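Work the whole structure out from these sequences, hints included.
In the working numbering, the protein residues as written are 1 to 282.
The set of hints was computed from the structure by calculation and includes no laboratory data.
A hint or two may mislead.
[Claimed, not checked] Distance windows between CB atoms, simulated:
#1 GLN209 with ALA56: 46 to 56 Å
#2 ASP75 with GLU205: 38 to 48 Å
#3 ARG244 with TYR176: 24 to 34 Å
[Stated by the list, open to error] Cross-link-like lysine-lysine pairs, in silico, DSSO-like; alpha carbons within 30 Å at most:
#4 LYS111 with LYS70
#5 LYS103 with LYS79
#6 LYS70 with LYS103
This one's a predicted model, so the numbers in the text were calculated from it and none came from an experiment.
No residue lacks a Cβ here, since even glycine has one placed at the ideal position from N, Cα and C.
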Amino acid sequence: MIIGKNKRLSRKQADRPKRVGYAVSIRAAPKSIKTRSPIRASAMEKKENAEAFDDAFIAAARDYRMLLDKDYPIDASLKLVGDRYRLSHNGRMMLYRGILSLKASQSNLAKLIRSPWEKASLGVDGYNILFTLMNYMHGHPMFIATDGFLRDVGGAHGRIADHRGFERMAEIAAEYLAALNLESLTFFLDAPVSSSGRQAGFLREAFTQRSMNAEVRLENGVDHFLACWEGELIATADSAIIGRTNAHVFDLARAILENQFEARFISLARLLEPSFSISAQL
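Listed below in structure tokens is the structure:
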């Protein structure tokens, strides 16, 4: 099958963690929250997540990267590779959101910082961060994309049915942000998202309780506000925003999960290395 060259679309990205592992659903509760018994993923959830990175997926990831590096169109490349290796919906989403061309990966990675400096003014892509935390809580497969940013296969994006879960993750995010000693925080929420007004009120209260210099803003075009952010630092894992911004980018969701939940995620960049063997990691 011949694919015509045609640059379109965008995508999503990743990096390298301290050690390799597989994301499962809710691990232990965060360090700052006491519980009598940690909730852990079931054996079935662990099995499903491990299967997402089998030999077929690794071969598919390498072929997909090769096509991207040759400037083949994303949609056609994804369909060709997904059909050839009979990938599931999750497998295709992991390619789409986790494997970027070498050029795009290096460009995004150059903007990534692991932690903010003190007295920074931070603009946060609120739903991008909170949906990622919720997807982790619900056990969706997660990974470090080839550009160094934490991504998932989706699930909560665009709507929120679990309001309790959202509020729990919002409290955890507020607690983590309060400890960063920021000069100011602007927390953007997409106004069209259902219940965004209620969630903005909850976040304002959470920030006020922690005496933070924080503003919660409801906007129709959050991507534009963050891509054109005049400050030096934003928090998002949205590749469309990362590709446009001139600011440094903090992977806030990854920092929260690794520091508060002690989570570790597999790096898709490692899968692309010729010497990588999935059997050695299991």
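Hint-by-hint comparison with the structure:
no.	hint	verdict
1	GLN209 with ALA56: 46 to 56 Å	49 Å, holds
2	ASP75 with GLU205: 38 to 48 Å	43 Å, holds
3	ARG244 with TYR176: 24 to 34 Å	26 Å, holds
4	LYS111 with LYS70	24 Å, holds
5	LYS103 with LYS79	22 Å, holds
6	LYS70 with LYS103	11 Å, holds
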